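Trainee: Turn these sequences into a full structure, and let the hints steer you where they fit.
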Amino acid sequence: MVLLSLLAAVTIGIVRLRNLFAIVILSGIYSFLMASVMIVLDAVDVAMTEASVGAGISTVLMLGVLYLTKTEESAPVHSPALPLFVSAVTGAVLIYGTFGLPPFGMADTPVNTHIGPDYLAGSIPQTGIPNVVTSVLASYRGFDTLGETTVIFTAGIGVLLLLKRLRRAEPDK
Amino acid sequence: MTVFSPLIDHFNYFIIIFLMVSGLYVVVARGNMIKKLVGLMLFQTSVYLLYLSPGKILGGTPPIIDENFQIYSNPLPHVLILTAIVVGVATLALGLALVLRINEEYGTIEEDEIFAAGDEDK
Amino acid sequence: MRLDAILRITAKFVLPFILVFGLYVQFHGDFGPGGGFQAGVIVAAAVFLHAIIFGLGQTMRIVPPIVVEIMVPLGVLVFAGTGVAAIMTGLNFLDYSHLAHDQIHGQEWGVFLVEAGVLITVSGTMIAIFYAVAGRDRK
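Chains as they are written, first to last, in my numbering: chain R, 1 to 173; chain X, 174 to 295; chain L, 296 to 434.
The hints are simulated quantities; they were obtained by calculation from the structure and are not laboratory data.
Worth double-checking, as some hints may not be accurate.
[Claimed, not checked] Straight line, CA to CA, 16 angstroms or less: simulated EDC-like cross-link-like pairs of lysine to aspartate or glutamate:
1) R:K164 - X:E277
2) R:K70 - X:E286
3) R:K70 - X:E283
Model, not experiment: these values are computed from the prediction.
Mentor: Quick look at the structure:
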């Protein structure tokens, strides 16, 4: 609960600040807090990924881009009233929706009784892998992971196409 | 206590919604491209938490099978979010690459200035 | 330049440990937290560290961009190839049970190959993106 409140505080900082450098560093802190929350939620694999990806790789990439652009955000031209109204209404609707969700941490919710127990029971006899996350990732839902890997591949190709073509064209000039 | 117990039971969801809405606000209200990307990241991470929260079982342990433990949290959301995080950073990098190209083309990363420059070209 | 010397020596000292930790996360993913995605990112982070401390040119000599660009599709091919190999053994796409003499070992081989494919693609993509962003000049 304390961690979640800290997350909210960092978010307020990210929304209010105008210095992009500070925002990027705060988003790194945000990712580390998020990783801690994930450990509390028993998602150790996910926490590891979030700590290395969110706080490591994306911060480095953002800083690299900030170096190439500029680090100060200009003052907003439009009034923030309309976006604030839209966000508030969306938030109110979503909060109304949460009261239909089961309370936090219950074992007999539909989420936890549908297919998760099958994976937990089948992992050792069917694959011999104690870490159920790995066995689901690579074996039970291998097709899913193949799709995700292809998305990463596509994104990498996209970045290379966007950023590399200019350099190759320059010597012709 | 009975009045407050639904609030405490759903505290996770309230924070998730706060993160989600502030991400939405940043994306809609701010014109700076990098700020918009950070807003998208806020939105995205709130969805990660939204997936992970229902999978947690109080008193459970991480889903690594060991004979000393009986109750495990649900592994399925972990798998979905694990891949989503890495895909998220790949798409974030794609967005940053677009920002870099826009900055080279227009010399700015502010939305309004880009629109103004586009109008002048016509 | 004293600070610089400290940075260089620390980086040299830490880099092998980061790489070994990446491999540990990769191969220990069956028994503890970890797997191809995390290991790929950790390996990429080691390359980032080297590039930040020693300069991009030095890093590109150790890990040439062409190798990285080959790694990006290679991982997907390894992954999909494992699935095709499973079809060859008479089962469905990505069903590894017949890859070895019994089901457990077949699954272990399949998961190992799939995670290796994920490692190659993720680390390759991350390093390629970093090279592309870091290799540009400031305007």
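Trainee: Next, verify each hint and record whether it holds.
Mentor: Status of the hints after comparison with the structure:
The hinted pair formed by K164 (chain R) and E277 (chain X) meets the criterion: a straight-line CA distance of about 13 angstroms does not exceed 16 angstroms. Restraint check: the Cα-Cα separation between K70 (chain R) and E286 (chain X) comes to about 14 angstroms, which is no more than 16 angstroms; the hinted pair holds. At roughly 10 angstroms between alpha-carbon atoms, K70 (chain R) and E283 (chain X) fall within 16 angstroms of each other, so this suggested pair holds.
In terms of the numbered hints stated before, the structure departs from none.
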